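A.B. asks: Okay, here's what each chain looks like letter by letter:
Number of protein chains: 4
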Amino acid sequence: MKIGRQDQRSSAISTSNEDTILVRGRDLVRDLIGTLSFTEHFWLLVTGVLPSPAQRRVLDATLVAIAEHGLVPSVQVSRMTLAAAPEALQGAVAAGILGCGSVVLGSSEAAGRFLSQIEARATGNVSLEAAATSVVSEYRQARSAIPGYGHPLHRGGDPRAARLLQVAADTNTAGRHVEIARLVERLLPAILGRPLVLNVSGAIPAVLLDAGYPLLGLKGVPLLARTAGLIAHLVEEQQRAIGFVMSHAAAQAIDYDGAAPPGFKPSDET
Amino acid sequence: MKIGRQDQRSSAISTSNEDTILVRGRDLVRDLIGTLSFTEHFWLLVTGVLPSPAQRRVLDATLVAIAEHGLVPSVQVSRMTLAAAPEALQGAVAAGILGCGSVVLGSSEAAGRFLSQIEARATGNVSLEAAATSVVSEYRQARSAIPGYGHPLHRGGDPRAARLLQVAADTNTAGRHVEIARLVERLLPAILGRPLVLNVSGAIPAVLLDAGYPLLGLKGVPLLARTAGLIAHLVEEQQRAIGFVMSHAAAQAIDYDGAAPPGFKPSDET
Amino acid sequence: MKIGRQDQRSSAISTSNEDTILVRGRDLVRDLIGTLSFTEHFWLLVTGVLPSPAQRRVLDATLVAIAEHGLVPSVQVSRMTLAAAPEALQGAVAAGILGCGSVVLGSSEAAGRFLSQIEARATGNVSLEAAATSVVSEYRQARSAIPGYGHPLHRGGDPRAARLLQVAADTNTAGRHVEIARLVERLLPAILGRPLVLNVSGAIPAVLLDAGYPLLGLKGVPLLARTAGLIAHLVEEQQRAIGFVMSHAAAQAIDYDGAAPPGFKPSDET
Amino acid sequence: MKIGRQDQRSSAISTSNEDTILVRGRDLVRDLIGTLSFTEHFWLLVTGVLPSPAQRRVLDATLVAIAEHGLVPSVQVSRMTLAAAPEALQGAVAAGILGCGSVVLGSSEAAGRFLSQIEARATGNVSLEAAATSVVSEYRQARSAIPGYGHPLHRGGDPRAARLLQVAADTNTAGRHVEIARLVERLLPAILGRPLVLNVSGAIPAVLLDAGYPLLGLKGVPLLARTAGLIAHLVEEQQRAIGFVMSHAAAQAIDYDGAAPPGFKPSDET
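Chains as they are written, first to last, in the working numbering: chain A, 7 to 276; chain B, 7 to 276; chain C, 7 to 276; chain D, 7 to 276.
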């Protein structure tokens with residue numbers, strides 16, 4: 007059966023024949039392998055054009071910033087999965103990136119939409135500040151978290167966010183989205199009644215959108231970056247396995263509070 | 007319950023406190039973001055040390071080589087999954103990389119083990135050629151495919167493989183694994199009775215192992231690279247959806263040959 | 007770091023010691039294995055109580071209804087993934103169920119929320135019809151599809167939906183949600199300007215909610231059911247492989263329309 | 007490009023037209039929905055024929071036995087993934103079943119192959135005992151675990167295994183594979199120098215193969231069963247979230263032993 011009314015039948019990313027592989031119109035073997043860095047290639051794949059040195063530097067900075075932050079849930083998931091299924095490293099990576107969601111790690115895209123909404127609303131005689139205030143208030147009324155702000159560990163300020171804004175300044179790419187990101191951080195204490203710092207997932211879309219990276223590709227940045235971190239953890243897991251150690255500790259942290267026969271003792275709590 | 011006898015309780019990749027994030031012993035914010043390229047960071051994450059310029063160039067070349075090759079199964083899987091579940095881009099990426107397996111895309115690691123086996127066997131008075139011949143013969147007897155050789159489209163030679171060996175030569179990193187990879191290509195016609203060309207999944211471990219990249223991290227290279235390609239396809243899928251078009255064509259290519267009432271006509275074949 | 011303010015530290019589903027495994031307070035070995043059907047066990051796991059015969063029959067009917075519908079996208083994804091990575095059947099199943107999303111297969115939950123919204127709004131002097139009309143109009147204004155209605159193949163009526171409503175009638179479980187599901191089907195032509203039939207993903211929540219199955223567990227029904235269908239396809243794929251045949255046909259259905267050197271011929275279109 | 011030499015172009019599982027859906031040659035709506043239990047439908051999907059009451063009962067028993075065992079790694083992975091990405095329940099289920107691997111949960115298939123190997127070798131004048139001894143010795147020489155034996159918690163005997171063998175006896179389906187499973191348990195102390203009890207993953211293939219369920223479908227049994235357990239946990243996770251509580255405890259169990267500046271204090275250890 008045919009689902010939907012899709013009649014687009016083409017793709018513009020890559021094609022090939024026996025001798026030549028074209029990627030975004032370029033000869034992969036002759037022009038790209040050995041010439042481009044992986045970051046430049048990623049920009050080319052996503053956008054269809056090569057990045058400027060400044061664009062490349064901003065994209066590199068965001069990928070480095072979000073690749074690794076210790077034994078966070080996605081890493082634990084990945085290492086536990088490899089411990090249980092060592093025959094499929096790809097399965098352990100897949101399990102890990104499934105945690106790149108709206109709450110953790112994947113909020114760069116939501117933050118990008120948030121910044122873009124403010125940017126789009128600030129036209130004519132609506133100031134940036136008025137636009138920001140009205141969008142933030144709408145999120146608040148809908149009881150939605152403000153994406154890109156707040157961090158469970160770095161309460162005084164996410165040092166990665168500050169560094170990314172610095173890279174944007176150094177490369178002369180900082181523009182309206184960075185301005186909005188800073189502005190919202192200033193406005194939040196008054197609107198929410200408490201401060202909430204710009205975090206790495208808020209800084210990533212700010213600097214990337216200003217550099218010309220597309221909104222639809224934002225979620226790809228933490229996904230690609232974290233894949234690198236997961237692979238490093240899986241190489242370590244093969245050498246010193248901690249997946250089941252973590253799982254044991256996690257289970258012990260939770261009590262069973264369902265029905266049980268009198269005198270029943272769960273084994274983990276004795 | 008505690009599974010297994012794991013008593014390792016530590017990790018050496020990353021730690022943090024409220025002010026500082028350490029990655030491989032370095033201050034992420036001060037020393038890495040804005041300084042390292044993503045490729046250098048990936049090497050650092052996996053190995054614990056920074057790559058030399060030559061090592062970085064070889065790793066970049068392999069990542070660029072394997073990131074994208076058109077509408078291959080992993081890409082189709084990813085785009086079909088996004089069409090069905092647009093709320094979770096991470097799910098579409100995960101589905102795609104689950105196809106980075108032993109048959110397609112994931113064979114770099116198997117090829118790396120194959121090359122390493124030959125390398126390890128060629129000691130003392132066993133020549134490389136004798137070692138290669140005996141290992142290939144064992145694979146043949148076990149009816150296993152020779153990993154890293156043969157390609158369904160590029161029968162006259164995978165142009166990506168040749169280019170990667172060239173990069174290894176240009177960076178003066180080519181060594182024993184590249185030598186083995188070439189040697190096996192020369193020996194195969196006599197042993198198998200037909201030529202089988204070195205493909206990109208054979209060249210990747212050859213140049214990376216020679217450059218000092220670890221065997222246990224080899225599978226991470228196609229996984230990371232393909233994630234970049236999948237993200238590009240998912241950005242395109244959001245703009246021009248072909249997931250269900252491909253699915254419709256795929257279903258039409260297959261007949262139903264089970265039992266059916268007399269005169270029953272499947273809808274897709276009328 | 008600790009994410010969020012979760013202070014719940016308990017679970018009520020299962021615990022065990024060396025001799026006994028408790029599931030929902032019952033002795034798994036003594037009371038459940040060999041006594042319960044899998045469907046009864048699933049109901050017990052999700053709700054904490056055993057189903058009545060009528061509840062079991064309704065849940066069985068929904069699971070049977072949605073388990074299999076030929077070479078749909080989730081099945082293709084699963085078979086292509088096994089073809090590429092035969093070492094990990096679990097990866098092929100996971101890839102398939104990642105397509106159980108908001109557009110295809112996973113809409114039972116959205117339909118359940120839609121029916122529940124109407125049910126909740128019809129209180130006091132608001133008739134069911136008024137409640138249904140206002141909720142449908144809101145979906146329309148938000149340009150959202152009406153979940154649980156319409157089918158690309160079964161345009162005259164999804165025969166599975168009619169059968170499920172019959173099972174609800176036969177078991178005397180049909181109630182307000184089934185009434186709403188039928189009512190909406192009657193109202194849609196006038197509101198949307200065209201008829202849209204109740205489909206299996208609309209009938210599933212209607213009969214399950216009336217039978218007392220919880221809204222939060224609705225998405226589990228197509229997920230569990232389709233897992234059964236995927237496994238059957240993967241058993242067949244191991245015996246007669248069509249994953250790459252489908253992939254080849256899918257790729258041929260799509261043209262490349264990016265840049266290319268003059269005279270370049272893609273191999274698949276010659 | 008076309009991968010491999012697959013020329014099979016048909017499937018025998020399901021087809022449909024606008025009015026009728028055929029599953030394994032039967033009319034889904036008229037003959038299966040409301041008539042079959044989900045377990046019978048699963049057997050029909052996998053094998054193409056309906057099960058006898060005894061076969062259904064054995065399959066039900068195995069599915070009930072392996073569906074749930076508390077906060078095991080696959081469940082933790084699933085709940086952590088939902089906590090991070092609540093927008094995609096299918097992603098949390100997929101992450102969980104990716105841990106149905108060769109070490110944990112997925113060993114039913116390996117155990118089935120092990121039992122079948124012994125069964126196939128015991129022909130002519132080779133006794134079952136001689137066949138079992140030689141196969142076990144080969145596993146030992148290859149330093150492979152004996153699949154289906156041993157359990158980290160139930161050291162005195164996995165009570166689920168004993169119960170499954172009882173169900174096989176009660177339904178008169180117990181045959182040669184059950185005999186082999188028991189025989190190996192008796193032989194292991196002498197061969198390995200220590201006792202190793204038959205576990206649930208060894209009993210499942212023993213009773214299913216004797217009941218006529220196919221070897222190629224064995225891995226589907228823990229996969230389908232655990233999906234039911236995961237769904238129950240995800241329903242609970244939506245109501246009382248423990249995903250990040252478990253993750254916090256897991257991270258605290260692991261020390262960082264990489265390089266660090268003098269005096270650096272990780273936040274989780276203070």
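Hints listed in this document are in silico derivations from the structure and should not be mistaken for laboratory results.
Any given hint could be a false lead.
Since copy identity is lost for identical chains, a pair holds within one copy or between any two.
[To be verified] Below, in silico cross-link-like pairs of lysine to any residue (SDA-like), each with a Cα-Cα straight-line distance of 25 Å or less:
(1) K271 x T53
(2) K271 x R246
(3) K271 x G31
(4) K271 x D25
(5) K271 x A255
(6) K271 x G181
(7) K271 x E24
(8) K271 x D261
(9) K271 x R161
(10) K271 x R15
(11) K271 x T26
(12) K271 x A259
(13) K271 x A151
(14) K271 x Q244
Here the structure is a predicted model, which is why all the values come from computation and not from measurement.
A.B. asks: Each of the hints needs a verdict: does it hold here or not?
C.D. replies: Structure-based check of each hint:
1. K271 x T53: between (59 Å within a copy, 24 Å between copies)
2. K271 x R246: between (32 Å within a copy, 23 Å between copies)
3. K271 x G31: Between. Shortest inter-copy distance 13 Å satisfies the 25 Å Cα cut-off; intra-copy 66 Å does not.
4. K271 x D25: between (68 Å within a copy, 10 Å between copies)
5. K271 x A255: Intra 18 Å, inter 22 Å, cutoff 25 Å: intra and inter.
6. K271 x G181: neither (61 Å within a copy, 37 Å between copies)
7. K271 x E24: The answer is between: 10 Å across copies meets 25 Å, while 67 Å in one copy does not.
8. K271 x D261: Within one copy only: 11 Å inside a chain, 30 Å across chains, cut-off 25 Å.
9. K271 x R161: Answer is between: at 17 Å across copies they meet the 25 Å cutoff, but 41 Å inside does not.
10. K271 x R15: Between copies only: 18 Å across, 62 Å inside.
11. K271 x T26: The answer is between: 10 Å across copies meets 25 Å, while 67 Å in one copy does not.
12. K271 x A259: So K271 and A259 pass the 25 Å test inside a copy (16 Å) and across (24 Å) alike.
13. K271 x A151: Neither, since 41 Å and 31 Å both go past 25 Å.
14. K271 x Q244: neither (35 Å within a copy, 27 Å between copies)
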